[in-house]
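Read top to bottom, the protein sequences are chains A and B. FYI, the numbering for the first sequence is 0 to 319, going by numbering that gives the first Met the number 0. FYI, the numbering for the second sequence is 0 to 447, going by numbering that gives the first Met the number 0.
Simulated from the structure, these hints should not be mistaken for laboratory data. A quick note: this is a predicted structure, and the numbers were derived from the prediction, not measured. Positions of the beta carbon are idealized from the N, C-alpha and C atoms, including for glycine. Don't take every hint at face value.
[Unchecked claim] Simulated crosslink set (DMTMM-like; lysine to aspartate or glutamate; CA at most 20 Å straight-line):
id : chain 1 : residue 1 : chain 2 : residue 2
1  : A       : 209       : A       : 166
2  : A       : 310       : B       : 133
3  : A       : 261       : B       : 123
4  : A       : 255       : B       : 431
5  : A       : 261       : B       : 397
6  : B       : 221       : B       : 54
7  : A       : 309       : A       : 91
8  : A       : 142       : A       : 126
9  : A       : 122       : A       : 179
10 : B       : 424       : B       : 397
11 : A       : 303       : B       : 296
12 : B       : 380       : A       : 190
13 : B       : 96        : B       : 111
14 : B       : 198       : B       : 239
15 : B       : 357       : A       : 266
16 : A       : 259       : B       : 100
17 : A       : 65        : B       : 431
18 : A       : 309       : B       : 239
19 : B       : 96        : B       : 151
20 : B       : 150       : B       : 111
21 : A       : 255       : B       : 430
22 : A       : 48        : B       : 123
23 : B       : 270       : A       : 273
24 : A       : 142       : A       : 115
25 : B       : 440       : A       : 91
26 : A       : 122       : A       : 91
27 : B       : 388       : B       : 354
28 : A       : 65        : B       : 430
29 : B       : 147       : B       : 100
30 : A       : 259       : B       : 430
31 : A       : 309       : B       : 430
32 : A       : 314       : B       : 233
33 : B       : 357       : B       : 442
34 : A       : 177       : A       : 203
[Said to hold, decoys possible] Listed next, the stretches of chain B that the computed footprint assigns to chain A, with coverage defined by at least 3 CB atoms under 8 Å from CB atoms of chain A:
id : region
35 : 10-19
36 : 249-256
37 : 268-278
38 : 385-394
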Amino acid sequence: MLIPEVRQKWANPINTITIGATPEEGGTRTRTVTVGGSTTLPFLHFEGKIPHRPALAMEVQDITPKDWPEILGEHFSDVWDDPGRWAKKCVDQLGADLVCLRLAGCDPDGENKSPDEAAVAVKSVLEAVGVPLIVWGCGDNDKDNEVLPQCSEISAGERSLFGSITEDNYKTLVALCKADGHKLIAESPVDINIAKQVNVLATDLGLDPKDIVIYPTSGALGYGMEYVYSIMERGRIAGLDGDTMWAMPILCDIGKEVWKVKEAVSDEIAEWGDQSQRGPLWEATTAYVYLLAGADILIMRHPKAVSEVKKYLEKLIESK
Amino acid sequence: MALTGLGIYKHLPKTNCGDCNFPTCMAFAMQLAAKKVSLDQCPHVSDEGKAALAEASAPPMKLVKIGKNSHELLIGQETVLFRHQEKFHHPTGIAVKVKDDLAEEELTNRIEAINNLHFVRVGEEIGVDLIAVEHSSTSPQGYARVVKKVKEMSDLPLVLLSPDPKIAEAGLEVSAERRPLIYAATGKNWQQMASLAKKHSSPLALKGESLEELADLTQQIKKLGVDDLVLSVDGPRVADTLQDLTRIRRLTLSKTFRPLGYPTIAFVTGKDPFQQVGQAATYICKYGSIVVMEGTEPWKILPLLTIRQNIYTDPQVPNAVEAKLYEIGEVTSHSPVLVTTNFSLTYFTVEGEVENSKIPTYISVVETEGLGVLNAYAGDKWSAEKIGKTLEEQKIKERINHNSVIIPGLVAVFRAELEEDFGWKVLVGPEEAARIPSFLKNEWKVTS
Ligand code: SF4
Numbered sequence: 000m001l002i003p004e005v006r007q008k009w010a011n012p013i014n015t016i017t018i019g020a021t022p023e024e025g026g027t028r029t030r031t032v033t034v035g036g037s038t039t040l041p042f043l044h045f046e047g048k049i050p051h052r053p054a055l056a057m058e059v060q061d062i063t064p065k066d067w068p069e070i071l072g073e074h075f076s077d078v079w080d081d082p083g084r085w086a087k088k089c090v091d092q093l094g095a096d097l098v099c100l101r102l103a104g105c106d107p108d109g110e111n112k113s114p115d116e117a118a119v120a121v122k123s124v125l126e127a128v129g130v131p132l133i134v135w136g137c138g139d140n141d142k143d144n145e146v147l148p149q150c151s152e153i154s155a156g157e158r159s160l161f162g163s164i165t166e167d168n169y170k171t172l173v174a175l176c177k178a179d180g181h182k183l184i185a186e187s188p189v190d191i192n193i194a195k196q197v198n199v200l201a202t203d204l205g206l207d208p209k210d211i212v213i214y215p216t217s218g219a220l221g222y223g224m225e226y227v228y229s230i231m232e233r234g235r236i237a238g239l240d241g242d243t244m245w246a247m248p249i250l251c252d253i254g255k256e257v258w259k260v261k262e263a264v265s266d267e268i269a270e271w272g273d274q275s276q277r278g279p280l281w282e283a284t285t286a287y288v289y290l291l292a293g294a295d296i297l298i299m300r301h302p303k304a305v306s307e308v309k310k311y312l313e314k315l316i317e318s319k
Numbered sequence: 000m001a002l003t004g005l006g007i008y009k010h011l012p013k014t015n016c017g018d019c020n021f022p023t024c025m026a027f028a029m030q031l032a033a034k035k036v037s038l039d040q041c042p043h044v045s046d047e048g049k050a051a052l053a054e055a056s057a058p059p060m061k062l063v064k065i066g067k068n069s070h071e072l073l074i075g076q077e078t079v080l081f082r083h084q085e086k087f088h089h090p091t092g093i094a095v096k097v098k099d100d101l102a103e104e105e106l107t108n109r110i111e112a113i114n115n116l117h118f119v120r121v122g123e124e125i126g127v128d129l130i131a132v133e134h135s136s137t138s139p140q141g142y143a144r145v146v147k148k149v150k151e152m153s154d155l156p157l158v159l160l161s162p163d164p165k166i167a168e169a170g171l172e173v174s175a176e177r178r179p180l181i182y183a184a185t186g187k188n189w190q191q192m193a194s195l196a197k198k199h200s201s202p203l204a205l206k207g208e209s210l211e212e213l214a215d216l217t218q219q220i221k222k223l224g225v226d227d228l229v230l231s232v233d234g235p236r237v238a239d240t241l242q243d244l245t246r247i248r249r250l251t252l253s254k255t256f257r258p259l260g261y262p263t264i265a266f267v268t269g270k271d272p273f274q275q276v277g278q279a280a281t282y283i284c285k286y287g288s289i290v291v292m293e294g295t296e297p298w299k300i301l302p303l304l305t306i307r308q309n310i311y312t313d314p315q316v317p318n319a320v321e322a323k324l325y326e327i328g329e330v331t332s333h334s335p336v337l338v339t340t341n342f343s344l345t346y347f348t349v350e351g352e353v354e355n356s357k358i359p360t361y362i363s364v365v366e367t368e369g370l371g372v373l374n375a376y377a378g379d380k381w382s383a384e385k386i387g388k389t390l391e392e393q394k395i396k397e398r399i400n401h402n403s404v405i406i407p408g409l410v411a412v413f414r415a416e417l418e419e420d421f422g423w424k425v426l427v428g429p430e431e432a433a434r435i436p437s438f439l440k441n442e443w444k445v446t447s
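Using the sequences and the hints given, assemble the complete structure.
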């Protein structure tokens with residue numbers, strides 16, 4: 000029996016973005032990472048092109064994290080007092096496509112590290128690894144506006160991905176990234192319109208929409224994930240339908256969310272089974288679901304979760 | 000499925016007699032398509048016309064029932080491609096396999112393990128839905144014995160997994176009253192399988208090499224009077240299965256392509272547990288009506304049940320719990336009082352952590368229109384004043400002999416006003432619910 004055609008022709012591809020610059024391109028990276036460019040929904044090879052596999056970033060911090068559970072500590076406690084060595088382990092041994100340096104140490108309510116110290120951390124990661132960087136502030140607007148300029152300047156030309164701009168705080172970072180040739184993470188609180196609005200504000204200041212990655216906020220499996228999932232699906236469909244302010248690749252910050260929920264962290268509930276498997280599986284599963292909703296870059300923590308998500312992606316990305 | 004005016008017109012007498020109070024059959028058909036009139040307003044429509052129109056107005060994807068009575072599983076009759084368009088109606092059934100060649104004790108343990116795959120999350124019971132009894136090497140009698148044992152030990156609906164009609168028949172003879180899903184009719188055995196399905200009024204799964212072959216099979220089997228069908232989709236790789244499931248859903252909903260208008264079943268493959276969960280996650284999100292898992296380890300099943308719970312929640316309904324005073328554990332007048340919002344995810348997370356702490360606690364839930372702590376604050380859905388008034392309405396002071404209340408760390412700003420205007424001693428709790436147990440154990444005791 001003849002089956003009717005159900006291929007959909009979408010108006011626009013998702014933007015392609017390259018993170019990292021080689022020496023020829025003005026940076027020092029030995030590798031770059033390109034994501035985006037899809038002309039269809041996730042993994043629908045029968046319908047369109049999916050030129051780039053989503054990328055996996057592993058998270059590194061500028062301080063020894065205090066709230067990471069032992070199950071992560073056993074993999075990183077030998078290196079986590081030194082962001083450079085930590086990053087190197089993620090890349091050389093654990094196969095990270097990118098390193099995400101989170102400047103948690105700059106938090107004014109925590110160690111309140113100085114912009115100089117943050118810049119040193121950025122430098123040490125750049126020197127330790129050849130992959131591109133994501134540099135993410137501590138989340139305190141005023142502090143980030145002090146810290147990130149130095150981090151941006153000392154890595155000018157590296158084409159790193161900086162985060163994050165929000166509806167209320169975007170001017171400093173947009174100006175910086177334009178000047179120093181970086182890319183930007185645009186953050187919004189699980190809201191399809193605000194996600195768009197941040198992009199409108201940033202592009203009004205002259206930022207190229209192709210330099211933006213959307214971060215719609217992430218939630219762990221079981222903790223509001225479905226809200227984010229549907230925002231991502233709606234946004235991705237809008238982007239493919241021609242909405243240029245939703246045509247950006249999407250980033251999910253997964254490790255940070257997963258490694259605080261009890262299904263991943265607790266070893267006290269016997270009915271839930273072996274935590275040493277359940278923890279990384281909770282992170283991997285959260286990643287699987289976001290990939291199905293359109294994620295292009297994932298930031299993760301557990302080595303097993305990273306390697307399994309990579310395997311999963313290899314199976315999904317190959318077309319017939 | 001909404002029929003077009005033209006589609007309806009084809010089945011009308013085309014005499015333009017006007018008895019329906021419309022000048023022409025076409026005008027009447029247009030009104031019918033717009034659902035403004037009903038078909039019985041035309042006294043002349045033939046029985047065949049009626050039947051064709053009833054058929055055409057049936058839902059594009061069939062609803063199939065597996066199992067009986069309180070333990071039946073309903074799958075299919077989905078209406079959208081994306082949950083944000085409306086919602087998904089019938090959650091993916093999660094099946095776990097039992098092989099028929101297990102030794103007696105192993106079999107018992109396995110069924111018990113499956114029966115234990117039930118959990119409570121966010122106030123809702125979630126669990127495995129089906130047991131798939133897979134035939135490997137036993138005789139029909141041996142298979143029937145295992146099916147019988149599974150049936151006796153578990154109330155879950157069954158799937159009988161074997162391409163051999165003799166085996167299927169043996170299984171059906173001992174379990175037909177439970178309406179198991181027969182898996183599966185193929186290009187080779189479909190006549191025998193269909194007659195078994197008909198005889199035992201059981202649903203039947205179909206397996207084909209391609210969507211084309213599946214569509215042919217459903218049509219042939221339907222002619223034999225069997226229409227409770229489930230389509231088996233098992234491409235060689237997860238990417239193929241995902242795409243076939245997507246094509247079936249689109250064909251069903253966008254093209255009303257009835258030969259494939261049925262729910263689906265997909266299997267995880269391989270030995271690697273993380274990849275099995277990855278496959279199952281894919282099929283839960285993208286259009287699998289039943290997923291057959293391997294293994295009974297709770298750490299593998301819990302994430303799948305959680306995805307299903309997430310993806311199948313109704314996105315239009317704010318997830319809210321009743322705003323009232325909740326008592327967790329054996330509360331006394333010395334128990335702590337925690338304040339939170341009525342967003343169910345927030346509430347159940349807080350409740351879970353309070354339970355973990357094993358410290359009896361009052362949770363005062365404030366009406367925030369289903370928004371979480373920060374969103375409710377940003378959207379002016381709660382304030383120090385609202386919390387103060389809620390605590391008064393809930394008459395907490397009559398229950399406790401202290402004057403302390405714990406507010407979420409993310410709204411520490413409420414503290415001063417709650418203290419000054421309402422006379423509470425306010426403790427600022429943690430920002431993350433996960434830290435509630437240590438907060439209650441360490442800081443609450445110190446301050447009380
Ligand atoms: S009553 Fe029936 S046959 Fe007569 S005009 Fe109306 S639709 Fe046509």
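Against the structure, the hints come out as follows:
1. At most 20 Å may separate the alpha-carbon atoms for a hinted pair to count; residue 209 (chain A) and residue 166 (chain A) meet this at roughly 18 Å.
2. Our distance criterion of 20 Å between C-alpha atoms is broken by residue 310 (chain A) and residue 133 (chain B), whose separation comes to about 28 Å.
3. Annotation: proposed proximity of residue 261 (chain A) to residue 123 (chain B) holds, straight-line Cα distance about 17 Å (limit 20 Å).
4. Of the supplied pair hints, the one linking residue 255 (chain A) and residue 431 (chain B) holds, its CA atoms being roughly 12 Å apart against a limit of 20 Å.
5. Restraint check for residue 261 (chain A) and residue 397 (chain B): not satisfied, since their Cα atoms lie roughly 34 Å apart, outside the 20 Å limit.
6. Restraint check for residue 221 (chain B) and residue 54 (chain B): the C-alpha separation of about 13 Å stays at or below 20 Å, so the hint holds.
7. A C-alpha spacing of about 15 Å is found between residue 309 (chain A) and residue 91 (chain A), which places the hinted pair at or below 20 Å, so the restraint holds.
8. Only pairs whose Cα atoms come within 20 Å are accepted, and residue 142 (chain A) paired with residue 126 (chain A) is rejected, the gap being roughly 25 Å.
9. For the hint linking residue 122 (chain A) to residue 179 (chain A), the alpha-carbon distance of about 15 Å falls within 20 Å, and the restraint holds.
10. As the CA atoms of residue 424 (chain B) and residue 397 (chain B) are separated by approximately 16 Å, the hinted pair is consistent with the 20 Å bound.
11. Taking the CA atoms of residue 303 (chain A) and residue 296 (chain B), the gap is about 18 Å. The hint holds against a cut of 20 Å.
12. About 17 Å separates the Cα atoms of residue 380 (chain B) and residue 190 (chain A), which keeps this hinted pair within 20 Å; it holds.
13. Taken as a hint, the residue 96 (chain B) and residue 111 (chain B) pair is honoured in the structure, with Cα atoms around 13 Å apart against an allowance of 20 Å.
14. With a CA separation close to 34 Å, the supplied pair residue 198 (chain B) and residue 239 (chain B) exceeds the 20 Å bound.
15. At roughly 16 Å between alpha-carbon atoms, residue 357 (chain B) and residue 266 (chain A) fall within 20 Å of each other, so this suggested pair holds.
16. For the suggested pair residue 259 (chain A) and residue 100 (chain B), the alpha carbons sit about 42 Å apart, so the restraint of at most 20 Å is broken.
17. Taking the CA atoms of residue 65 (chain A) and residue 431 (chain B), the gap is about 14 Å. The hint holds against a cut of 20 Å.
18. For the hint pairing residue 309 (chain A) with residue 239 (chain B), the CA-to-CA distance comes to about 18 Å; that is within 20 Å, so the pair holds.
19. The straight-line distance between the Cα atoms of residue 96 (chain B) and residue 151 (chain B) is roughly 16 Å, inside the 20 Å bound, and the hint therefore holds.
20. This hinted pair checks out: residue 150 (chain B) and residue 111 (chain B) have alpha carbons roughly 12 Å apart, not beyond 20 Å.
21. For the suggested pair residue 255 (chain A) and residue 430 (chain B), the alpha carbons sit about 14 Å apart, so the restraint of at most 20 Å is met.
22. The straight-line distance between the Cα atoms of residue 48 (chain A) and residue 123 (chain B) is roughly 40 Å, outside the 20 Å bound, and the hint therefore fails.
23. Between residue 270 (chain B) and residue 273 (chain A) the alpha-carbon distance is near 18 Å, which keeps this suggested pair within the 20 Å criterion.
24. Between residue 142 (chain A) and residue 115 (chain A) the alpha-carbon distance is near 12 Å, which keeps this suggested pair within the 20 Å criterion.
25. Among the hinted pairs, residue 440 (chain B) with residue 91 (chain A) is inconsistent with the structure: their alpha-carbon atoms are about 42 Å apart, more than 20 Å.
26. Between residue 122 (chain A) and residue 91 (chain A) the alpha-carbon distance is near 18 Å, which keeps this suggested pair within the 20 Å criterion.
27. For the hint pairing residue 388 (chain B) with residue 354 (chain B), the CA-to-CA distance comes to about 26 Å; that exceeds 20 Å, so the pair is violated.
28. Only pairs whose Cα atoms come within 20 Å are accepted, and residue 65 (chain A) paired with residue 430 (chain B) is accepted, the gap being roughly 15 Å.
29. Restraint check for residue 147 (chain B) and residue 100 (chain B): satisfied, since their Cα atoms lie roughly 14 Å apart, inside the 20 Å limit.
30. As the CA atoms of residue 259 (chain A) and residue 430 (chain B) are separated by approximately 12 Å, the hinted pair is consistent with the 20 Å bound.
31. A threshold of 20 Å between alpha carbons decides the hint, and for residue 309 (chain A) with residue 430 (chain B) the separation of about 33 Å lies outside it, so the pair is violated.
32. Using a Cα cut-off of 20 Å, the hinted pair residue 314 (chain A) and residue 233 (chain B) holds, with the two alpha carbons roughly 14 Å apart.
33. Annotation: proposed proximity of residue 357 (chain B) to residue 442 (chain B) holds, straight-line Cα distance about 15 Å (limit 20 Å).
34. With a C-alpha separation of about 13 Å, the suggested pairing of residue 177 (chain A) with residue 203 (chain A) holds against the 20 Å cut-off.
35. Note: the region 10-19 of chain B has 0 residues with beta-carbon separation from chain A under 8 Å; the three-residue rule is not met and the coverage is violated.
36. Coverage of the region 249-256 of chain B by chain A holds [criterion: at least 3 residues with CB-CB distance below 8 Å; count 5].
37. Beta-carbon proximity to chain A at under 8 Å applies to 6 residues in the region 268-278 of chain B; the threshold of 3 is reached and the given coverage holds.
38. Figure legend: the region 385-394 of chain B, annotated as covered by chain A; annotation inconsistent (0 residues with Cβ-Cβ distances under 8 Å, at least 3 required).
When each numbered hint is compared with the structure, violations occur for hints 2, 5, 8, 14, 16, 22, 25, 27, 31, 35, 38.
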